[in-house]
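Go ahead and model the full structure; you've got the sequences and the hints to work with.
One letter stands for each residue in the lines below.
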Amino acid sequence: MTERESALSRVAPVAVGLVTIVVIFAIVEALIRIGWINRFIVPLPSAVLAAFGRVIAEENVLWRTAFTGAEALAAGILVAIFGGAIGVLLTRRRVLRLATETWVAALAAAPIVMIYPLLLVTFGRNAVTIVMIGFVAGLPPVILKTVEGLSGTRRVLIDVGRSFKLSATQEFWKIRFPAALPTIFVGLRLGIMFALINIVGVEFLINFGGLGQLVNDLAERYDLPATYAAIFFVVLVSVAFFLVTERVERWLATR
Amino acid sequence: MAGDALTAAPPMRWFANPIARVRIAIVALALIAWEALAASGLVVHDVVPSLGKIASALWRLLSTAPLYANLGTTLYEIGVSLVIGGVAGVAVGLVLGGNRFLGRAFEPYLHYLGPTPKIIFFPIMIMWFGVGGGSKIAMGALSCFFPVALSTAVGMRQIEPVLVRVGQSFRASTAQMVAKIYLPAMRPAMLTGLRLGMGVAIIGVLLAETRLSNRGLGYLVIQRYTNFDMPGMYALLIVVFLLAILANTLLSRFGGASSATTV
Numbered sequence: 001m002t003e004r005e006s007a008l009s010r011v012a013p014v015a016v017g018l019v020t021i022v023v024i025f026a027i028v029e030a031l032i033r034i035g036w037i038n039r040f041i042v043p044l045p046s047a048v049l050a051a052f053g054r055v056i057a058e059e060n061v062l063w064r065t066a067f068t069g070a071e072a073l074a075a076g077i078l079v080a081i082f083g084g085a086i087g088v089l090l091t092r093r094r095v096l097r098l099a100t101e102t103w104v105a106a107l108a109a110a111p112i113v114m115i116y117p118l119l120l121v122t123f124g125r126n127a128v129t130i131v132m133i134g135f136v137a138g139l140p141p142v143i144l145k146t147v148e149g150l151s152g153t154r155r156v157l158i159d160v161g162r163s164f165k166l167s168a169t170q171e172f173w174k175i176r177f178p179a180a181l182p183t184i185f186v187g188l189r190l191g192i193m194f195a196l197i198n199i200v201g202v203e204f205l206i207n208f209g210g211l212g213q214l215v216n217d218l219a220e221r222y223d224l225p226a227t228y229a230a231i232f233f234v235v236l237v238s239v240a241f242f243l244v245t246e247r248v249e250r251w252l253a254t255r
Numbered sequence: 001m002a003g004d005a006l007t008a009a010p011p012m013r014w015f016a017n018p019i020a021r022v023r024i025a026i027v028a029l030a031l032i033a034w035e036a037l038a039a040s041g042l043v044v045h046d047v048v049p050s051l052g053k054i055a056s057a058l059w060r061l062l063s064t065a066p067l068y069a070n071l072g073t074t075l076y077e078i079g080v081s082l083v084i085g086g087v088a089g090v091a092v093g094l095v096l097g098g099n100r101f102l103g104r105a106f107e108p109y110l111h112y113l114g115p116t117p118k119i120i121f122f123p124i125m126i127m128w129f130g131v132g133g134g135s136k137i138a139m140g141a142l143s144c145f146f147p148v149a150l151s152t153a154v155g156m157r158q159i160e161p162v163l164v165r166v167g168q169s170f171r172a173s174t175a176q177m178v179a180k181i182y183l184p185a186m187r188p189a190m191l192t193g194l195r196l197g198m199g200v201a202i203i204g205v206l207l208a209e210t211r212l213s214n215r216g217l218g219y220l221v222i223q224r225y226t227n228f229d230m231p232g233m234y235a236l237l238i239v240v241f242l243l244a245i246l247a248n249t250l251l252s253r254f255g256g257a258s259s260a261t262t263v
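For the protein sequence lines, the chains are A and B, in the order given.
Letter by letter, the first sequence follows residues 1 to 255 of the numbering used here.
Letter by letter, the second sequence follows residues 1 to 263 of the numbering used here.
I should point out that these hints are in silico values taken from the structure, not numbers from a laboratory.
It should be emphasised that the depicted structure is a prediction, and the values quoted were computed from it without experimental measurement.
A few of these clues could be false.
Said to hold, decoys possible - Just a sample of chain A residues kept apart from chain B, beta carbon distances all over 10 Å, derived:
#  : residue
1  : E5
2  : V28
3  : A47
4  : R54
5  : E58
6  : L96
7  : R154
8  : D159
9  : W173
10 : A219
11 : T227
12 : Y228
13 : S238
14 : E249
15 : R250
Said to hold, decoys possible - Have a look at the derived ranges for each label pair, beta carbon to beta carbon:
#  : chain 1 : residue 1 : chain 2 : residue 2 : range
16 : B       : A175      : A       : A30       : 33 to 41 Å
17 : A       : R33       : B       : V166      : 45 to 53 Å
18 : B       : L71       : A       : A30       : 39 to 47 Å
19 : A       : R33       : B       : F129      : 22 to 30 Å
20 : A       : R33       : B       : R60       : 25 to 33 Å
21 : B       : V162      : A       : R125      : 58 to 66 Å
22 : B       : Y109      : A       : R250      : 13 to 21 Å
23 : A       : T102      : B       : P66       : 14 to 22 Å
24 : A       : G53       : B       : L71       : 43 to 51 Å
25 : B       : D229      : A       : N126      : 18 to 26 Å
26 : A       : G53       : B       : D229      : 44 to 52 Å
27 : B       : I32       : A       : G152      : 33 to 41 Å
Said to hold, decoys possible - Reference listing, derived: stretches of chain A covered by chain B, where coverage requires no fewer than 3 residues with Cβ under 8 Å from a Cβ of chain B:
#  : region
28 : 100-113
29 : 118-129
Positions of the beta carbon are idealized from the N, C-alpha and C atoms, including for glycine.
Set out below in structure tokens:
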């Protein structure tokens with residue numbers, strides 16, 4: 001395959017994907033204009049596009065993004081500290097790991113976010129509740145991946161450490177931890193992603209905070225184009241976050 | 001064999017098993033700490049109710065009809081959303097996994113839309129499907145669709161080419177290829193997708209029920225919150241968590257799936 005052909009085979013699918021989306025929006029626009037779709041249920045895509053500017057200018061979107069980001073960051077730091085510490089503990093104490101690992105895995109699959117009314121009573125309708133939801137939702141993957149990373153260190157690396165007569169602390173910081181870092185980051189990324197999903201979700205549900213509340217606010221005002229624009233904006237923010245952390249993960253894995 | 005006989009012969013009593021002992025110790029410590037916190041008066045009244053209160057609330061909950069009626073509603077919504085989201089997910093996954101070009105064109109969108117918070121689409125779902133069960137089913141189906149579609153596409157690409165060639169050499173029709181080759185070869189990947197999909201569908205339906213609803217387990221939870229019936233809320237959350245974990249365990253057993261965090 002020539003270079004030009006291979007470039008074409010990379011670009012063509014992307015172009016087809018983008019064009020299809022534009023065509024779908026155009027069809028929806030046409031169907032609404034001829035009245036086949038009720039415009040009080042689905043706003044015109046062009047109106048949604050136009051509302052983007054209004055939402056950004058009038059609804060403090062940057063501030064809201066920063067607020068949600070700060071909540072996710074706080075939850076992420078908590079998750080890293082506690083998830084990492086619990087992961088190290090479970091790696092060190094084998095019996096503890098065997099006793100609790102299935103519990104942690106079960107928790108990872110449970111609808112943890114349903115405890116939000118409980119946190120609402122405990123902490124009130126504020127950022128603490130939202131950060132705590134992010135924290136509990138993000139904890140299980142970090143614990144599981146930390147254990148997986150730390151206990152999967154290649155034997156030869158540990159033997160090298162032994163031959164240098166490293167102390168247990170040195171062995172952990174010089175060998176086990178660096179070797180486990182890519183796996184731990186996979187867990188951390190999953191954890192922060194779960195945290196972010198739950199943070200935005202609970203912001204929406206309890207009508208407090210950043211981006212989630214924005215969607216709720218606009219929906220309650222029945223400002224349809226702006227509601228759709230805000231939802232698109234939230235999706236864009238989460239996709240951007242996902243892309244960036246994915247790059248970091250790949251970079252860590254290939255180092 | 002002698003080795004097998006040795007390990008299998010004396011079934012270890014639970015109290016001699018160190019893992020079981022650690023588990024019991026953890027549970028006991030947690031319960032004691034909880035009871036101490038409840039008795040200490042350090043937290044506001046009833047935010048941490050005593051174990052006795054929670055147990056009696058659990059008994060009241062399990063012995064009265066409202067739980068089962070609302071459980072039925074929630075199970076129905078989750079079931080329908082799994083069928084809709086699952087069938088759509090498998091169909092899209094088969095198309096994207098089977099065609100390299102279409103996969104490259106559209107799979108990135110699924111990949112990146114998958115981990116977005118679905119609940120923010122709830123206002124749209126309410127406008128499209130009303131405030132009743134329809135919008136809850138839509139939330140569940142929307143949540144379930146992405147993991148099922150992505151796992152199916154990945155599973156389709158991982159099918160051993162030799163299996164496909166065997167089908168082709170028998171001149172199997174497309175329907176036969178799907179039924180006899182693709183679906184059986186993709187069973188593990190699809191079950192993983194379905195299990196992940198079920199997890200998020202449960203969350204989608206329950207969360208939607210906590211907003212604008214008058215039925216379902218999610219509604220019961222938020223009703224306990226409104227009435228400040230904390231023991232009742234704990235009892236309900238225990239039931240919800242146990243059911244979710246049970247469903248996940250059943251599906252994992254069925255599919256022999258691995259860790260719960262495969263995304």
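* Beta-carbon spacing of A/R33 to B/F129 - inside the hinted bounds 22 to 30 Å or not -> With Cβ atoms ~23 Å apart, the hint holds.
* Asked: Any Cβ of chain B at or closer than 10 Å to A/V28, or is the non-interface label fine?
  -> holds, 13 Å
* Check on A/E249 being off the interface with chain B, judged by Cβ distance over 10 Å -> holds, 12 Å
* For B/I32 and A/G152, compare the CB-CB distance with the range 33 to 41 Å and indicate the outcome. => Roughly 35 Å apart at Cβ, these two residues keep to the hinted range, so it holds.
* **No chain B beta carbon within 10 Å of A/E58's** => A/E58 is indeed farther than 10 Å from all Cβ atoms of chain B, at 19 Å.
* Asked: Beyond 10 Å from chain B, beta-carbon-wise, is A/S238?
  -> violated, 4 Å
* To do: Go ahead and decide if the range 44 to 52 Å is satisfied by the Cβ distance of A/G53 to B/D229.
  => holds, 46 Å
* Are all beta-carbon distances from A/W173 to chain B longer than 10 Å? -> Nearest chain B Cβ is 26 Å from A/W173, so the label holds.
* Asked: Does the claim that A/R54 lies off the interface hold, with its Cβ farther than 10 Å from every Cβ of chain B?
  -> The assertion about A/R54 holds, with a minimum of 17 Å to chain B.
* Does the claim that A/R250 lies off the interface hold, with its Cβ farther than 10 Å from every Cβ of chain B? -> Check passes; 14 Å lies beyond 10 Å.
* Asked: Between B/D229 and A/N126, does the beta-carbon spacing fit 18 to 26 Å?
  -> Given range 18 to 26 Å: holds, Cβ gap about 22 Å.
* Reported absence of A/T227 from the contact zone with chain B (all CB gaps over 10 Å) -> violated, 6 Å
Comparing the model with each numbered hint stated earlier shows that hints 6, 10, 11, 12, 13, 20, 23 do not hold.
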